[in-house]
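Chains as they are written, first to last, in our numbering: chain A, 2 to 64; chain B, 2 to 64; chain C, 9 to 385; chain D, 9 to 385; chain E, -15 to 166; chain F, -15 to 166; chain G, 4 to 274; chain H, 4 to 274.
It should be emphasised that the hints constitute simulated quantities derived from the structure, not laboratory data.
Don't take every hint at face value.
Unchecked claim - With a Cα cut of at most 27 Å, we get these calculated DSSO-like pairs of lysine-lysine:
#1 H/185 <-> H/254
#2 G/226 <-> G/214
#3 G/145 <-> G/226
#4 D/335 <-> C/325
#5 C/310 <-> E/97
#6 D/12 <-> C/332
#7 G/257 <-> H/145
#8 C/55 <-> C/12
#9 E/97 <-> E/70
#10 G/254 <-> H/162
#11 G/237 <-> H/257
#12 F/50 <-> D/306
#13 C/356 <-> D/250
#14 H/254 <-> H/272
#15 G/162 <-> H/214
#16 C/356 <-> C/306
#17 F/105 <-> F/151
#18 H/254 <-> G/237
#19 E/97 <-> E/67
#20 H/269 <-> G/257
#21 D/250 <-> D/332
#22 G/194 <-> H/162
#23 C/335 <-> C/385
#24 C/213 <-> H/45
#25 F/50 <-> F/67
#26 H/162 <-> H/246
#27 D/325 <-> C/325
#28 H/246 <-> G/257
#29 E/50 <-> E/67
#30 E/70 <-> E/50
#31 H/237 <-> G/162
#32 G/237 <-> H/162
#33 C/55 <-> H/269
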Amino acid sequence: MSSPRIEVIERYCKGCSICVEFCPTKVLEMDGFVVRVAKPEACINCMQCELRCPDFAIKVHAE
Amino acid sequence: MSSPRIEVIERYCKGCSICVEFCPTKVLEMDGFVVRVAKPEACINCMQCELRCPDFAIKVHAE
Amino acid sequence: MAKKVALLQGNEACAQGALYAGCNFFGGYPITPSTEVAEVLSVELPKIGGKFIQMEDEIAAMASIIGGALAGSKALTATSGPGMSLKQELLGYACIAEVPCVIINVMRGGPSTGMPTGPGQSDVQQAKWGTHGDHPVIALVPASCQEIFTETVRAFNLAEKYRMPVQVLYDEIIGHMRERIEFPEPGELEIINRTEPSVGPEEYKPFDPSFGDVPPMAAFGSGYRFHVTGLNKAADGFPTTKADLVDNEQRRQLRKISAAQSDIELNEEYMTEDAEVVVFAYGSTSRSARYAVNELRKEGVKAGMFRPITLWPFPEKRIAELGKQAKAIIVAELNLGQMNLEVERCVKGACDVPFIGRVDGEPINPGQIMDKVKEVK
Amino acid sequence: MAKKVALLQGNEACAQGALYAGCNFFGGYPITPSTEVAEVLSVELPKIGGKFIQMEDEIAAMASIIGGALAGSKALTATSGPGMSLKQELLGYACIAEVPCVIINVMRGGPSTGMPTGPGQSDVQQAKWGTHGDHPVIALVPASCQEIFTETVRAFNLAEKYRMPVQVLYDEIIGHMRERIEFPEPGELEIINRTEPSVGPEEYKPFDPSFGDVPPMAAFGSGYRFHVTGLNKAADGFPTTKADLVDNEQRRQLRKISAAQSDIELNEEYMTEDAEVVVFAYGSTSRSARYAVNELRKEGVKAGMFRPITLWPFPEKRIAELGKQAKAIIVAELNLGQMNLEVERCVKGACDVPFIGRVDGEPINPGQIMDKVKEVK
Amino acid sequence: MAERYELRFSGAGGQGLITAGIILAEAASIVEGKHAVQSQSYGPEARGGASKSEVIIADEPIDYPKATLVDACLAMTQEAADKYSKDIRPGGLLLVDEDFVQNPPVGDFKVIKMPIVNTAKNEVGRMIVANVVALGAMVALTEVVSRESGETAVLSRVPEAFRELNKTAFNLGFEKVKALIG
Amino acid sequence: MAERYELRFSGAGGQGLITAGIILAEAASIVEGKHAVQSQSYGPEARGGASKSEVIIADEPIDYPKATLVDACLAMTQEAADKYSKDIRPGGLLLVDEDFVQNPPVGDFKVIKMPIVNTAKNEVGRMIVANVVALGAMVALTEVVSRESGETAVLSRVPEAFRELNKTAFNLGFEKVKALIG
Amino acid sequence: MAFDYDKYLRPGKLPHIWCPGCGHGIAMKGLIRAIDTCGLDKSNTAIVSGIGCASRLPGYVDFNTLHTAHGRAAAFATGVKMAKPEMNVIVVGGDGDGTAIGGNHFIHACRRNIDMTYVIFNNFIYGMTGGQFSPCTPTGHKASTTVYGNPDPVFDISKLAIGAGASFVARTTAFHATQIDKLIAEGIKHKGLSVIEVLDDCPTTYGRRNKFRSVIEMMERLKTMAVPVAAASKMTAEQLEGKVLTGVLHKEEKPEYCEQYAEVIKRAKGA
Amino acid sequence: MAFDYDKYLRPGKLPHIWCPGCGHGIAMKGLIRAIDTCGLDKSNTAIVSGIGCASRLPGYVDFNTLHTAHGRAAAFATGVKMAKPEMNVIVVGGDGDGTAIGGNHFIHACRRNIDMTYVIFNNFIYGMTGGQFSPCTPTGHKASTTVYGNPDPVFDISKLAIGAGASFVARTTAFHATQIDKLIAEGIKHKGLSVIEVLDDCPTTYGRRNKFRSVIEMMERLKTMAVPVAAASKMTAEQLEGKVLTGVLHKEEKPEYCEQYAEVIKRAKGA
Ligand SMILES: Cc1ncc(C[n+]2csc(CCOP(=O)(O)OP(=O)(O)O)c2C)c(N)n1
Ligand SMILES: Cc1ncc(C[n+]2csc(CCOP(=O)(O)OP(=O)(O)O)c2C)c(N)n1
Ligand code: SF4
Ligand code: SF4
Ligand code: SF4
Ligand code: SF4
Ligand code: SF4
Ligand code: SF4
Ligand SMILES: [Mg+2]
Ligand SMILES: [Mg+2]
């Protein structure tokens, strides 16, 4: 099974870093004021980032 | 012991008859729109009439 | 068939007028001397499947009728001075959000609790200026029970036509007195309903100026999903701080009324053609004025009466004309000086504007007016 | 010693002015753009043993300051349009019950929620007519941070002197901008406190007209036990419906102000002596007007500015005079037509009254005024 | 009938005098098609104290709706008589309940005395219809509406069950006055 | 100095630009005894988005308190640069943070580029003092107040513990610009 | 011995405006006795009310009296108390005044736990305006605006007060006349916001429409409705159906608002 | 699979105005998921709010949306619901909007038990106006108008709602993100007035002043504060000190207001 695709809508991301902190496998990282998908392959599709992003800025697409 | 003196302030009495109904010994009576002390001697100084008159219209003076 | 007639209180006539106009929602909070409007409607509305709700206060009452109106109802509330003061914020909301509804103010003595069972006409400037910010105003001032009926109908019509709150103000005297009312037959008086959108939900904008200064209005729950706010908004209903968009909307809202003055204005003139002294009076006071004019005419005094039935927008032009014709326009009202200021403004110094005011709980009687007319003659 | 100076926001200057005036009670409810007044006082009042209370809404805030004032405090509240609309009922209460207190209205765009962070001057007629019923009104409109300080002091003085609520209105621009303030030394500005009864509790009547139109006022808890009500009352403070007693009281209350116009009125005139065109402007708009007048004078245009600092009672006489002198009095304000109506009334047709209004969240700039002046020239 | 006829019903709150006024106004305006205005004054709080109801009847539309000079006044209590008989017009009428108005005011008007409450209590059997007795009496006294119109108006106001009672009350009032004034 | 000198500080909400404006106004009006007015515009809700603070300095009392034609403008972000550089007067100045304003607007004004945030972050060691770096730079650029006045104003605003930090920031900003414009 | 009410009454103001048999008079007398029990100094006591029949009380009594606007009594009173914490502040008013338009000020006074006593005269109706239903009119009953039977659920005022944080809540009825002063006195002595609900009667607007034949019948109803809290604990749910608990329903010690504010002042002066 | 929020969002309105890390966004997403769970028809659903940061929600979602005046949402919503009882009506707003200025409408909506769902976003502060204390700001904490520590006691919103008669009351936090939609969905399905309190965070005005170093810390606090009702029953009073209960706190069947009014209509038509 390939790892899920993480979509970050940069225009919405306000850089609060909630997703970064809640990601259990450190897939995400802050890059200045927006989030960056640093280790996509580590994603375990737990949906924490999507669930908790207050800004509708991150979507987890499982294949 | 002489029976208490019942003072009715006619100007205040609105004739609601609460005192009449609550007097256990039927001392009081309605007389048109105001109350009348009909049987002063029967008064047992229970103070019910004074306590319950909504209009400050009746006072029981025990000697 | 003879028309239905009845001896009705002004407040009852108001309720009946509302029903005739198609009112199907009343949200209120009791207050003397307006309460009978609510009482009649609490009995009548459920009979026709309409809604009567007694809210927790006047603010909530005003909120409920705006909500009801947005959901498609023809909504009414009735109150008196203290309640009117409380409603001011949401009256402004109804203006900016362009929600049709009717507010009855049965005026009593003021300010504050004042004289709850005494008459007053001292909320007439409040009707125009009570809420903060610029906003259009329509206020009607009937003078008899029959006219309360017809003006309530007209209030609903204007509210629906111009998509805004309309106030009807009358004083305690006519609110509580009883006169014979003839009920118009159904269809006899015109009934206006808000214009519904002619475009589909996708294209609909709740304040679309391309449909004119009064854009069509959809109801909540009708398939048109739109946004309503009390913030300055653009034509699409969403808040904006863009100067030009805000400006367009604000000016359009005032223009709704300023451009339609002739449609909204309604006055009665009584023996003004040749009048040397005109009495400006409205509501119950105009009845004393008419009585006085009749008496004065008998004595050969050329008196006349100008009676606004629409108080706001103010009949500026006609007053200016009368100012040029008459020696004086006497303003008689149950307050200490309100509409006289507006008359003064309009006559631009062309004639005197003597004032008769009264705030002691008694009506201005014909004698007072006659005396004043003779004074200025 | 040099005076204490500081760079303060208008709202901060207001709070400092209040403290200087002896304010020791603030009851409020936060609202943009007035909130800093409360924030400063929440810090400063407890330092001097004063009371700051944040109430559940603006109505409660107004109630709390009336209660505080009756218990002897010098009380203040601060709000903006929506809050002002909500306070109207109790503003009337403070009038009829003759309770000194000061209300700050930092004006934003309206109506309703409008433009919370944008400036407006569209509550100026509301200041006079917002509450129902006839009542006296004093409203001040400072135009700089320093003047906000001094006018807040004057507001307290007038409130105490005339025993009534006094409103101070300024717009968001000066509420939020910062200027250097010089703090007057203690004693430098006059501080007026309410007159206390000279008779003992037995003879005391809270509205005793034998002490003049502004009867002395005792505080709750001072040994004078009296009754306060929002009903029409007699001189003894108890409610009455007796026509003559009501009339006496109502007229006395209005007379407090009408008879003291010269004490209350305060205007600034700038180059009006020979002005052919006068710009009537107040608050932040007057700053643009002064700028414009300076520029116009450079160009040889005889322009001047009339700036009311006391807006209500209105400077009727002086405006009438200027109307006779000038070709036009241009009224510039951040609304769609308010004080221009009052100017029109006062000039009685003697000159034109062109209007510059703006409600898009931007200030009226000097250029707009210059253009208009040139137009009428 | 004069061009404008002014009647006043006064007494204590709760005696039904407002209703009496309304019925009279209905008799005039609905039954007889004249013009009528009924109004009342509320006490400070609409409860207790003296109460009054006024009816103005005319052939023309009525402008000023309050009494100017009262043609006929009813007073059911002493307080009402003292307070409300003041503006009876010279030559006018004052009908009092003789049991409750022991000192009828004197003035340039005719006083008619009659036991109104007692008639209701003892002859009709229900004190509550004293106002209708009074109404019958006022109709008889003033002839401002016909006896029949008055009766019609009374009956159209009351529920079926109370029609007889009220009819009796109205007519007793009417007849007693007729007997008195001849 | 011109009769009326207009400065604008713009950037993102939370960058401390309002404070920078206030300090400059204090330097001018409190320290140097000139006239100054500081104002700011709030976003729709006073949060997020572009933010600006304006300071007008003059020798005379200041009437119109808003900018008419800006003499010198600071822009810390691209959005601010795009939005607020519009009314810079011909020949005016625009100072941008070169790391955040990648496309400085062009117009009849002089653009000065400087790494403001990075200076704060890397050279002072605290990003939070970027506004003070910017202030130092603006003072150097415009000379609207003296370096000493600027420093005094900065120091009188900050708690003891942060004085050195802010002093460094202010002076770094000042010197960097001086070096740039020579 | 007759109780000397005159000591607390303003001369020349009686008779009061209340209708014959109106329970407000009974409750008022209880309040006066409570004040007497607590020995409050008249000059140091404020009685504050809103608008309504009940709210006319202050006009009759010889204290610092404040008859405010409809529903606002608690907010005015809060201002008085904050300004002069040493004063005794008592709020009186009707069910409509206190729980309809005044509901917000009521719950916030409870929340703040400011040291005042709020005596609420619950006659189940808006008396003053002629008998429209209030938030306390029993569901199904009639009022001038609910001729088909009131569809509205009622507030349990005491429960509301407790929910809002009041630290002393008690209830009694006009029938239980001697309990009125006892509970009010206990409330006055309690430090913090105390609420005493007195169920009373409005024969004129509520009684008549709901087929009570006399004030006495209304008193009877109050009598049978009431169940003392102690007794209630031994009763089943069915037995308690339609009953209301009387006595002290809630009492707890909590920081009082003016005292808390005095701490703020201390901190500010220290700072 | 990613949840399709877009289905409920108005195109072009994002990003919303809320600050980075503002909990309102998390709560809003929970609301959308709940609506989705319940399968509400967008055209037949109204979302009503007052004024405040939280109250900006309606502008972003594709329903009949009504952004009213500060504190008045419940009263407007009541009008909408009465006029069209077939519509789903959801009220959203902040702690200030709902319990300070809007307290009265809130408790009366609870009393009436009208079939609406009130989701209250409790961030313990007036966010929109820059962080003055609200009736929910913890005592002792700092806000822009309580620099010496807040002297005011707080409302327990849920307790207040229950005291006022709400028939469904639940509470959760922004940390418990998946519980948000579950509880709101249960509230929507409940016939009558349901209140769902979501404790969330305002980093900008509350967090900063109260020395939270990050949004994450604020989330941590929410996490540790919360105790599910079931768990709480097994805990001692000391253990519960400083905790808040989460989950469904109260649920009962009571007559719904619009249905009761439908009965009034029946009676009126019959009469
Ligand atoms: C702002 C305002 N709204 C409405 C009223 C009308 N009003 C006066 S008293 C009252 C209700 C009184 O009921 P309650 O408080 O229960 O007192 P009661 O008369 O029953 O003793 C109302 C609605 C008013 N005076 N002011
Ligand atoms: C009548 C009125 N009073 C005050 C305000 C100012 N105001 C706007 S939002 C708000 C408080 C918001 O707090 P809350 O409801 O908790 O929402 P949050 O911003 O925290 O989400 C206040 C006081 C207003 N807009 N209208
Ligand atoms: S789905 Fe889970 S693992 Fe994957 S990025 Fe998001 S939080 Fe990390
Ligand atoms: S949670 Fe959302 S807004 Fe915050 S950093 Fe992650 S994607 Fe950006
Ligand atoms: S004191 Fe008792 S016995 Fe005597 S009259 Fe009164 S009620 Fe009757
Ligand atoms: S209780 Fe009082 S008012 Fe009633 S009848 Fe007896 S004395 Fe008169
Ligand atoms: S109307 Fe009711 S509450 Fe008011 S005084 Fe009469 S009986 Fe008492
Ligand atoms: S101020 Fe607070 S509540 Fe408002 S958007 Fe920012 S974080 Fe959210
Ligand atoms: Mg009541
Ligand atoms: Mg909040």
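Do the hints match the structure? See the list:
1. Our distance criterion of 27 Å between C-alpha atoms is met by residue 185 of chain H and residue 254 of chain H, whose separation comes to about 15 Å.
2. Between residue 226 of chain G and residue 214 of chain G, the direct Cα distance comes to roughly 17 Å. Compliance with the 27 Å bound is thereby established for this hinted pair.
3. Restraint check: the Cα-Cα separation between residue 145 of chain G and residue 226 of chain G comes to about 21 Å, which is no more than 27 Å; the hinted pair holds.
4. For the proposed pair residue 335 of chain D and residue 325 of chain C, the alpha carbon gap of about 23 Å is at most 27 Å, so the pair holds.
5. A distance of roughly 46 Å separates the Cα atoms of residue 310 of chain C and residue 97 of chain E; the hinted pair therefore is violated under the 27 Å criterion.
6. Distance check on the hinted pair: residue 12 of chain D and residue 332 of chain C sit about 59 Å apart at the alpha-carbon level, beyond 27 Å; violated.
7. For the hint pairing residue 257 of chain G with residue 145 of chain H, the CA-to-CA distance comes to about 21 Å; that is within 27 Å, so the pair holds.
8. Proximity of residue 55 of chain C to residue 12 of chain C is assessed by CA-CA distance (about 19 Å); at most 27 Å being required, the pair is judged to hold.
9. Distance hint between residue 97 of chain E and residue 70 of chain E is fulfilled; the C-alpha atoms sit about 17 Å from each other, no more than 27 Å.
10. A hinted pair counts as satisfied when its Cα atoms are at most 27 Å apart, and residue 254 of chain G with residue 162 of chain H qualifies at roughly 16 Å.
11. Distance restraint check for residue 237 of chain G and residue 257 of chain H: the Cα-Cα separation of roughly 26 Å lies within the 27 Å cut-off, and the hinted pair is therefore satisfied.
12. Annotation: proposed proximity of residue 50 of chain F to residue 306 of chain D holds, straight-line Cα distance about 21 Å (limit 27 Å).
13. Under the criterion of a C-alpha separation no larger than 27 Å, the hint pairing residue 356 of chain C with residue 250 of chain D is inconsistent with the structure, at around 38 Å.
14. Distance restraint check for residue 254 of chain H and residue 272 of chain H: the Cα-Cα separation of roughly 33 Å exceeds the 27 Å cut-off, and the hinted pair is therefore not satisfied.
15. About 37 Å separates the Cα atoms of residue 162 of chain G and residue 214 of chain H, which puts this hinted pair outside 27 Å; it is violated.
16. Simply put, residue 356 of chain C and residue 306 of chain C have alpha-carbon atoms about 31 Å apart, too far for the 27 Å limit, and the pair is violated.
17. A C-alpha spacing of about 15 Å is found between residue 105 of chain F and residue 151 of chain F, which places the hinted pair at or below 27 Å, so the restraint holds.
18. Restraint check for residue 254 of chain H and residue 237 of chain G: the C-alpha separation of about 26 Å stays at or below 27 Å, so the hint holds.
19. Between residue 97 of chain E and residue 67 of chain E the CA atoms are separated by roughly 17 Å; this keeps the pair inside 27 Å, and the hint holds.
20. With a C-alpha separation of about 49 Å, the suggested pair residue 269 of chain H and residue 257 of chain G falls outside the 27 Å cut-off, and the hint is violated.
21. At roughly 45 Å between alpha-carbon atoms, residue 250 of chain D and residue 332 of chain D are farther apart than 27 Å, so this suggested pair is violated.
22. A threshold of 27 Å between alpha carbons decides the hint, and for residue 194 of chain G with residue 162 of chain H the separation of about 22 Å falls inside it, so the pair holds.
23. With a C-alpha separation of about 8 Å, the suggested pair residue 335 of chain C and residue 385 of chain C falls inside the 27 Å cut-off, and the hint holds.
24. For the hint pairing residue 213 of chain C with residue 45 of chain H, the CA-to-CA distance comes to about 17 Å; that is within 27 Å, so the pair holds.
25. The suggested pairing of residue 50 of chain F with residue 67 of chain F holds, with an alpha-carbon distance near 16 Å, which does not exceed 27 Å.
26. The hinted pair formed by residue 162 of chain H and residue 246 of chain H meets the criterion: a straight-line CA distance of about 14 Å does not exceed 27 Å.
27. A C-alpha spacing of about 25 Å is found between residue 325 of chain D and residue 325 of chain C, which places the hinted pair at or below 27 Å, so the restraint holds.
28. About 18 Å separates the Cα atoms of residue 246 of chain H and residue 257 of chain G, which keeps this hinted pair within 27 Å; it holds.
29. A threshold of 27 Å between alpha carbons decides the hint, and for residue 50 of chain E with residue 67 of chain E the separation of about 16 Å falls inside it, so the pair holds.
30. About 15 Å separates the Cα atoms of residue 70 of chain E and residue 50 of chain E, which keeps this hinted pair within 27 Å; it holds.
31. A threshold of 27 Å between alpha carbons decides the hint, and for residue 237 of chain H with residue 162 of chain G the separation of about 26 Å falls inside it, so the pair holds.
32. For the given pair, residue 237 of chain G sits about 26 Å from residue 162 of chain H by alpha-carbon distance, which is consistent with the 27 Å threshold.
33. Of the supplied pair hints, the one linking residue 55 of chain C and residue 269 of chain H holds, its CA atoms being roughly 8 Å apart against a limit of 27 Å.
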